[in-house]
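So the sequence shown is numbered by this note's numbering: it starts at 745 and just counts up by one.
Think of the hints as simulated: they come from the structure by calculation, not from any bench. Hints may be right or wrong, so weigh each one.
[Said to hold, decoys possible] With a straight-line cut-off of 27 Å between C-alpha atoms, the simulated DSS-like cross-links for lysine-lysine are:
| id | residue 1 | residue 2 |
| --- | --- | --- |
| 1 | LYS891 | LYS799 |
| 2 | LYS887 | LYS830 |
| 3 | LYS891 | LYS821 |
| 4 | LYS764 | LYS821 |
| 5 | LYS830 | LYS764 |
| 6 | LYS928 | LYS764 |
| 7 | LYS928 | LYS830 |
| 8 | LYS928 | LYS821 |
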Amino acid sequence: MNDALGQALLDEMAGTRTQKLWTDAPNFAPEEFPVEHLIRTYEDMPELEQELLQKARGRVLDIGAAAGGHSLYLQRKGFEVHALEKSPGACAYMRHRGIENVIEIDLWRYAPDDPFDTALLIMNGLSLAGTLHNLPAFFEHLKSWLKPGGQIIFDSSDVRYLYDHDNLPTDRYYGEFRYRLRYKTILSGWFPWVFVDSSALESILDEVGLSWSLRFDGEHYDYGGVLTCQ
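Let the sequences and hints guide you as you build the complete structure.
Structure follows, in structure tokens:
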């Protein structure tokens, strides 16, 4: 695996990181992916993330946990938290931070022994679905890990602001992108990523047996909340 994310975190752990982690996307200029955002404490997280973390209950699965900031906060609050992440370097970093239950596997191959009360998808976790078309299957996959009445805590963004009003893509949903991560000479593979606007999300909730139990709206086209299994 070309683990750009993991190597950046391992260098951070060793105190040797001198270069930035970048995201590349076709037709967009490269953007820095600040490693500091992955390792920040609760006090430094955006208010929306803080609000969402307070809604966790029971046994928690942190999906796409990266450096484990959310897992570590909840673990210190007394929750049983399992941090799911496919990056070997990121998993090593989480273990170094003291996260007790780190699961190194791709989410599509994961099958828990016991169900969870809460699935945590903070920092645009819905994007792991890859495309809007794949979002219903993604939700069904998550629901198979949850207890009856379990909840999905997430945030997402409406990225319509990136486009001129009359210049939305015609070949795909406007929130769909392809990215890769780049650190030093390490390149990840290209992967699909989707930012889901609230209207698009609303249109599929009944289809997948989920309903809002709480919603928050952020200040920068972001929103999030708690979805409950019906």
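Evaluation of the provided hints:
1. LYS891 <-> LYS799: holds (16 Å)
2. LYS887 <-> LYS830: With a Cα-Cα distance of about 20 Å, the restraint between LYS887 and LYS830 holds, given a limit of 27 Å.
3. LYS891 <-> LYS821: Cα-Cα ~22 Å, so holds.
4. LYS764 <-> LYS821: It is violated: about 32 Å lies between the C-alpha atoms, which goes past 27 Å.
5. LYS830 <-> LYS764: holds (21 Å)
6. LYS928 <-> LYS764: holds (8 Å)
7. LYS928 <-> LYS830: holds (20 Å)
8. LYS928 <-> LYS821: violated (36 Å)
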